[in-house]
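Got chain A; can you put chain B on it based on the hints?
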Amino acid sequence: MSYHEAPTIAATDAPRLEQSDRPTLRFVTCGSVDDGKSTLVGRLLYDSKTLLDDQLDGLASESRTVGTTGGDLDFALLVDGLQAEREQGITIDVAYRFFATRLRRFIVADTPGHAQYTRNMATGASNADLAVVLVDARKGVITQTRRHSHILSLLGIRHVVLAVNKMDLIRFDGDRFAAITAEYLTLAGQLGTSQVQCIPVVAPDGDNIVAASTRMPWYSGPTITAYLESVDVAGDVSQRPFRLPVQWVNRPHADFRGFCGRIASGTIAVGDAVRVQPSGHQAHVARILTPAGECNHAGAGESITLTLAEEIDVSRGDVLTAGSAAEVSDQLAAHLVWFDDEAMVAGRRYLLKCGTASTGAVIATLKHRIAIDTMAQECATTLDVNEIGYVHLNLDRPLVFEAYRDGREMGSFILIDPISHRTAAAGMIDISLRRATNIHWQRLAVDKSVRARLKQQRPCVLWFTGLSGAGKSTIADMVDRRLAELGRHAALLDGDNLRHGINRDLGFSNAERSENVRRVAEIAALFVDSGLIALVALISPFRSERELARRRLEVGEFIEIHVATPLAECERRDPKGLYRKARAGELPAFTGIDQPYEAPLAPEITIDTSELSSEAACERIIRYLREQNYL
Amino acid sequence: MLDVPSTAESAHRGRAGGKQLHVTSHLRRLEAESIHILRETAAEFRKPVMLYSIGKDSSVLLHLAIKAFHPGKPPFPLLHVDTTWKFREMIRFRDRRARELGLDLIVHTNNDGLSQGIDPFTHGSARYTDVMKTQALRKALDLHGFDAAIGGARRDEEKSRAKERVFSHRSAAHRWDPKNQRPELWGLYNTMLAPGESMRVFPLSNWTELDVWDYILLEDIPIVPLYLAASRPVVERGGALIMVDDDRMPLQPGEEPQWRSVRFRTLGCYPLTGATTSTAATLPEIVQEMMASRTSERQGRMIDRDSPASMERKKAEGYF
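Protein chains in written order, with the working numbering: chain A, 1 to 631; chain B, 632 to 951.
Simulated from the structure, these hints should not be mistaken for lab results.
One thing to keep in mind: the hints can contain errors.
[Stated by the list, open to error] Calculated Cβ distances over 12 Å to all of chain A for the following chain B residues:
{"hint": "1", "residue": "Glu675"}
{"hint": "2", "residue": "Arg769"}
{"hint": "3", "residue": "Arg879"}
[As the list claims (entries may be wrong)] Derived DEER-like restraints, expressed as beta-carbon distance ranges:
{"hint": "4", "chain 1": "B", "residue 1": "Gly870", "chain 2": "A", "residue 2": "Ala371", "range": "57 to 65 Å"}
{"hint": "5", "chain 1": "A", "residue 1": "Ala346", "chain 2": "B", "residue 2": "Asn811", "range": "24 to 32 Å"}
{"hint": "6", "chain 1": "A", "residue 1": "Ala346", "chain 2": "B", "residue 2": "Asp743", "range": "23 to 31 Å"}
{"hint": "7", "chain 1": "B", "residue 1": "Asp808", "chain 2": "A", "residue 2": "His392", "range": "33 to 41 Å"}
{"hint": "8", "chain 1": "A", "residue 1": "Ser230", "chain 2": "B", "residue 2": "Pro702", "range": "38 to 46 Å"}
{"hint": "9", "chain 1": "B", "residue 1": "Arg719", "chain 2": "A", "residue 2": "Leu103", "range": "40 to 48 Å"}
{"hint": "10", "chain 1": "B", "residue 1": "Glu828", "chain 2": "A", "residue 2": "Arg453", "range": "29 to 37 Å"}
Bear in mind the structure is a predicted one, so any value in this text is a computation, not a measurement.
Glycine is no exception: its CB is placed at the ideal position from the N, C-alpha and C atoms.
Chain A extracted, bound-state conformation:
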């Protein structure tokens, strides 16, 4: 067959939209390998006259050289754009194609059928209103069909066209078509897919694509094109409450401060009251700038710039809302489609992006995994690539959101691996696990306890005090490594190292030593606030200063460890040659020589390294932490 014989609509002039107020229909095609998705899309492009002469010439010559149709036009070549795809005759990546009929414009995302590329299917579906699911008439509904349909339903696709392809290979058997239809409708019912249209087709020949097939007189329904042209998929987002995720604060000069973003839902007018979430501040809309000029009102989908009558603090990631408030929470339950080759790790930190907001997020628990074939919930500890699960998430800061079923813009998120920067998962928010008790919540305090819970440890300071050469740094370093092995989050503050940086300006006078200790105590306290176990290795010779450090923290957070190696032993070791210098009078005010060391009166732990090896000392400290429930 050459393309000169094939047209099913008159090859006159290129089509041009005539009369239609229907918005562009975005749809996604999915199905298994070799079901003929690319062929179907190629056929739609071909029959809609979207293809131009030079593209057709290219198709004809490529069909001869790399085509899989024995020299006939291979429509799949129109969409398989990557060299590897054409060589292997498969589709690797989602392709976006544009075509128009007289009645409507279309954007189609053609997605691969390979199991390992399921993430691309979810990608294509995320921006689609409708899905065309292909099945091979010989095979009917198979595992891949279920998998794809489930992803479609998770992604909120309510309209599905089931294209039963290769009808010619089952001799246009209407009973078989009816059986496949019945089986799919059962599946759709389980998934809550509200609109299903089943159409028997032969994609390479164009049967029921644009023109009604003469070979299946028993089918009286619409063709693919006729159905796509007429289907109404609009959910009325303008009827929902106003939501504007703030993208960018526009401050060209002192007299203008505009908040830019794309309206997720609802409408807004000059003079309307809005609230800033999560802060809860109230204000009124002063001006609305749209791409078409200044307006009195604007609605969902528009990219606008708002100015407010009141001067209040608004930044990227905030959401301007009107009507009922959006939800705010730092604990969410959500569905995840796992994308990364590296499996999901509960307790690991990912970067979460939702709307214009970004925050650290930890997957607290995987509640269940979903068995694709049966839709059953299974117990699992991890999600592998292409698996779907339901998780609880703890966020570093409160997120303004809505359930995904109420709106994709504010209910969808991605998780990014902070090391590899890969997009690890796509998420759909189900519910908040901790409802804000007050919508005017100023700031949800992500306090120590929240961070400690995220890290699954009790933050504290391990304060190693003792003479120079007693072994403080050695033991602290060993404890630090041991904690890391245990998967705990610690930070080591070494007195000597700090003097190269933050305490570089300090000498060794009593006042400066005291300031040195004060600064280290402050830093350690900040680490504790952020949920860490801080290890401090510092001579800190004076009781009063160590006491101040202890008071800077809450009861139970300061663990004083006296590394009580005797002076004689320290001097014998003299690892840095300091005692020798001090004895020679080259180091004034050296602790233990010409300045006193005030030993702790009641340290939590005492260690004498002349009796105990460093390893044993380390284990003793770890044991203490365990016994006292720090770990």
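Chain B only, in chain A's frame:
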């Protein structure tokens, strides 16, 4: 209300008066999406730049950037990679637009290539494009430390473009890895970069060529007059009409420039850009002609035809 400055191009402008409402609402949706992408780029990157190629897509992109940040100015400069073989009218238009809009314009030329005497006639379009466009662009991005480069490419242009993301990751060597692209869902873009890596951003991904013309008509966007038919000196070479834009073009024996009424569907380096015979001298006439056209815009470009999958290979190497 957006005071986009008017220009001397008014003689070439069409009027959008008779446009049907549904075309307008379609364009407004595309416009809103593109503005969203431009603002995300400004918000998420340290040092973005807009690649300005002077063509119709660049004109639309620039127009959208001005709208996105109005009443401020776009928070990024424009970068033009000048091969020194652009149509003279393009360069005049470029300089005037940057001046009128008060924008920061960076012009970068690969001086190494220039001093080696690389030109499209003697070195072939593949070598020339690699040195004067691909390598030049990479050098310019590295030189200024730009971490995001905004371009006007559309998915409907070419098959490998149809697979491109809106935010398309590039390695530190500016390579595109088409088999390992980040999935892009909803309007959520993964903008994370490791040191040295960069992003190419395509706000016009979902526009078609016809959308671009409809929008130029709707918004009265100034374009280089070469898009409109006029009598121009051309020679027929390799099945294409090449305009003799200056005396650097070596004429082959028997070649005599002829004055023909032609226009260009895409603009680039004049020796590599084929003209089409046309009498469409106004924007509405162009749109009319477009709708009846049976060839794609890239047909006029010599560089896509060098080898099968040539665009994919060039893109992998860092071509825009």
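Results for each hint:
1. Against chain A, the non-interface label of B/Glu675 is violated: not every CB pair exceeds 12 Å, the least being about 9 Å.
2. Every CB of chain A is more than 12 Å from the CB of B/Arg769 (nearest about 21 Å), matching its label as outside the interface.
3. Every C-beta of chain A lies more than 12 Å from that of B/Arg879, the closest at about 29 Å, which supports listing it as non-interface.
4. Hint check: B/Gly870 to A/Ala371, Cβ distance near 59 Å, so the stated range 57 to 65 Å holds.
5. Evaluation of the 24 to 32 Å hint for A/Ala346 and B/Asn811 yields a pass: the beta carbon distance comes to about 26 Å.
6. The beta-carbon spacing between A/Ala346 and B/Asp743, approximately 53 Å, falls outside the hinted interval of 23 to 31 Å.
7. At roughly 34 Å, the beta carbons of B/Asp808 and A/His392 sit within the given window of 33 to 41 Å.
8. In this structure, A/Ser230 and B/Pro702 meet the distance hint of 38 to 46 Å, their C-beta atoms being roughly 43 Å apart.
9. In this structure the supplied range 40 to 48 Å holds for B/Arg719 paired with A/Leu103, their Cβ-Cβ distance being about 45 Å.
10. B/Glu828 and A/Arg453 have their C-beta atoms about 34 Å apart, which keeps the hinted 29 to 37 Å range intact.
Checked against the numbered hints given earlier, this structure breaks hints 1 and 6; the rest are met.
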